[in-house]
Amino acid sequence: MQTSSSTPAASRQAAYLAGFKNYLGLIAALLAMCVMFAFLSENFLSAATFITLSNDIPPLVVMSVGMTFILIIGGIDLSVGSVMALAASMLSMAMVRWGWPLYAAAPLGVVVAALCGTLTGMVSVHWRIPSFIVSLGVLEIARGLAYQVTNSRTEYIGSAVDVISSPILFGMSPAFLSAIAIVIIAQLVLTRTVLGRYWIGIGTNEEAVRLSGVNPNPSKILAFALMGALAGIAALFQVSRLEAADPNGGVGMELQVIAAVVIGGTSLMGGRGSIVSTFIGVLIISVLEAGLAQVGVSEPMKRIITGAVIVVAVILDTYRRRGQRHAR
Amino acid sequence: MQPNDSPSQASPLLTLSGIGKSYAAPVLDGIDLDLRPGQVLALTGENGAGKSTLSKIICGLVDASAGGMTLDGQPYQPTSRTQAEGLGIRMVMQELNLIPTLSIAENLFLEKLPRRFGWIDRKKLAEAARAQMEVVGLGELDPWTPVGDLGLGHQQMVEIARNLIGSCRCLILDEPTAMLTNREVELLFSRIERLRAEGVAIIYISHRLEELKRIADRIVVLRDGKLVCNDDIGRYSTEQLVQLMAGELTKIDLDAEHRHIGAPVLRIRSLGRAPVVQPASLALHAGEVLGIAGLIGSGRTELLRLIFGADRADQGEIFIGDSQQPARIRSPKDAVKAGIAMVTEDRKGQGLLLPQAISVNTSLANLGSVSRAGMLDHAAESSVAQDYVKKLRIRSGSVAQAAGELSGGNQQKVVIARWLYRDCPIMLFDEPTRGIDIGAKSDIYRLFAELAAQGKGLLVVSSDLRELMQICDRIAVMSAGRIADTFSRDDWSQERILAAAFSGYVGRQEAAAAAHVAGNTA
Chain H
1 MQTSSSTPAA SRQAAYLAGF KNYLGLIAAL LAMCVMFAFL SENFLSAATF ITLSNDIPPL
61 VVMSVGMTFI LIIGGIDLSV GSVMALAASM LSMAMVRWGW PLYAAAPLGV VVAALCGTLT
121 GMVSVHWRIP SFIVSLGVLE IARGLAYQVT NSRTEYIGSA VDVISSPILF GMSPAFLSAI
181 AIVIIAQLVL TRTVLGRYWI GIGTNEEAVR LSGVNPNPSK ILAFALMGAL AGIAALFQVS
241 RLEAADPNGG VGMELQVIAA VVIGGTSLMG GRGSIVSTFI GVLIISVLEA GLAQVGVSEP
301 MKRIITGAVI VVAVILDTYR RRGQRHAR
Chain F
1 MQPNDSPSQA SPLLTLSGIG KSYAAPVLDG IDLDLRPGQV LALTGENGAG KSTLSKIICG
61 LVDASAGGMT LDGQPYQPTS RTQAEGLGIR MVMQELNLIP TLSIAENLFL EKLPRRFGWI
121 DRKKLAEAAR AQMEVVGLGE LDPWTPVGDL GLGHQQMVEI ARNLIGSCRC LILDEPTAML
181 TNREVELLFS RIERLRAEGV AIIYISHRLE ELKRIADRIV VLRDGKLVCN DDIGRYSTEQ
241 LVQLMAGELT KIDLDAEHRH IGAPVLRIRS LGRAPVVQPA SLALHAGEVL GIAGLIGSGR
301 TELLRLIFGA DRADQGEIFI GDSQQPARIR SPKDAVKAGI AMVTEDRKGQ GLLLPQAISV
361 NTSLANLGSV SRAGMLDHAA ESSVAQDYVK KLRIRSGSVA QAAGELSGGN QQKVVIARWL
421 YRDCPIMLFD EPTRGIDIGA KSDIYRLFAE LAAQGKGLLV VSSDLRELMQ ICDRIAVMSA
481 GRIADTFSRD DWSQERILAA AFSGYVGRQE AAAAAHVAGN TA
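Chains as they are written, first to last, in the working numbering: chain H, 1 to 328; chain F, 1 to 522.
Some chain H residues judged to face chain F by a derived CB distance under 8 angstroms, without partners named:
(1) Thr193
(2) Leu195
(3) Asn205
(4) Ala208
(5) Val209
(6) Arg210
(7) Leu211
(8) Val214
(9) Gly271
Residues of chain F placed beyond 12 angstroms of chain H at every Cβ, according to the derived structure:
(10) Gly30
(11) Asp34
(12) Glu95
(13) Arg116
(14) Lys123
(15) Gly153
(16) Gly166
(17) Ser167
(18) Arg183
(19) Asn230
(20) Arg328
(21) Leu465
Label pairs and their computed distance ranges (CB to CB):
(22) H:Thr52 - F:Arg372: 36 to 46 angstroms
(23) F:Leu152 - H:Met269: 21 to 31 angstroms
(24) F:Gly435 - H:Met269: 25 to 35 angstroms
(25) H:Pro130 - F:Pro355: 13 to 23 angstroms
Keep in mind the hints are simulated off the structure, nothing from the lab. Just so you know, these numbers come straight off a predicted model, no measurement behind them. By construction, the Cβ of each residue, glycine as well, lies at the ideal position given by its N, Cα and C atoms.
Construct the complete structure from the given sequences, taking the supplied hints into account.
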């Protein structure tokens, strides 16, 4: 009950240490999985696996970053899979039908996706409707638009978009490196900026933030706009990997994204979350899928196991938090 | 006050030996305590002294980190509240534990609803509920009323009634009278007398020393987690008890009479929002503490919210400083920009980010000052928080501690620190000392005096009339949504203020009579 005599630097150091401890459980789970698959399949610990993974995960990573912001402010965005498909469709239209170069078409996709996110944010903020419902509507709208612009056909683009997902550094593509950069920047935004602080405050107690003389609405809409933009970037990564835009792409992806964020320990109730944890959550899901595929598990079995892992991860997380509370 | 068979001779029901608890810092240290059947034990102490933690340990909500307990001589180590309740140890918490959408009956018997062929037996349930509410003297309430439709006082009584179902050998009451009217307090006290006669041991936690003196046999005072007094309550005067709680005599010399009152900092003209606030006009001056008295529901909180832009006014104007141009205040953001701060009535629901650090809470209204180009400076932020922790004597482990882990008085100081850091010339306070202990209260009174001396204008809503009469230069009294009267230090009296407070509700003569009664009980 004494007033602390510790310096700010010391208390900050303690905070970092506590933050690192939060990641330990997730890292341990990830390593355990890697060890298990290394025993089950001799090919698992290889450069090929790493390259496959680094090729596969960028879309999931960047969308999960956006979803972490959304969950932190106490919202949810179910439209991200469709918005990604819409952005991919716009990109392919611009390149194939209108002959735009990649550097012009890519921003178009991102802007369209950001507009979808902004729409969700503005409607849900202005009429105070839960973002769950609004984004469900936007999910349908975006999917419909994607079919509309592509006439419901997969559009092949070819090697013009390859550059983003071809390895440039130790087997890593520009897409993967950008995804990592986005993770780092997003973590800094969340912990080091006024905007990130407002997001956490809004998710914790929006009324307290408002009564502190801060209008929470712009920050909320911005979170949704960013979510959209990140879905647009995900679309770019996806298109470049497949060399095609599929208006059916990304169906059910919102669930994968939310699962990754929740495995990372971000609270569905808002106010608490971390981008780094989300990144590890994405790795856990992706390593699991890659490993199961290598071991030769059938597709239905893969889904059953992945589902079970999600449930177990969330259960373990509650224990971890309970333990922390007792330790304090 | 002593019951027939002196409880001090009965063998103890519950014994605590060496109970301790540490979170970031020790909260309780080596508490030894005996509780005998039929004994009413008053547990008191400042906020943060460890009263709540101690009672939570007894009823199984928190594990002790040191020491042990026995119940009837047997080791007693409850691992959950349910287990403790099974042994007859029950607690009525300060925060109500009711489901507002369910009826009184369903709330009372939620754990064991009477059933017939698998369906709820509504007739039996209603009868049982009526009987149980009779126990707390509220048998006339319709048992199917949703609890959310009841006033807070009645909700509290439902909560108490629920804890009296089944075996009850030890009952812990945490600030049970905070929400109750005088009549309900009387009911509660007579019920406590009956429980005492039945041999139930009672731990009664309260700050209201007069109440404690009235119903308790023994007084137990905690200070900084240690037991500093465990004695017959009859041996102490109220002043001595205050001294025991605070550790030093807290004589507050506010020097309110020698304040320098300057030019107006805030004027409102016909500000209103139908039907809760009728057009109101008043002026607040630099260096002035202006109180707003009135009954609960008279529109005091609503008036503050209009000034602060938290609710939209449907008429009237607000003028800041000597400006002749009405200020455009349509949101709290506008208000803060205009130099108005507001400390809300509900610090947990509307003030604090409970799971976040103290430093995050103190900087929330002024993040611009601890950031550059949108990037936060964490070091600056925690040093600001540390300054205020020291200045306001906030008891905490470190500024990284979550605000939710602090006691009520310290939480309130964190909210106040937020606005001190914002440095607004106009400060609105809504029930700033509700539910906090005498030590924290006098800290806050001193702070008010200091702020007034700095030339700030303070508008303070409080239900504690003696508090207002101690700290204010003027008191405006609201009644039924309008400002009924304004008094200055020379012409106010408790009776005149109360008469004004009742004036909007009843005819003049009745109001005076009501005030007379209220004045006698206050």
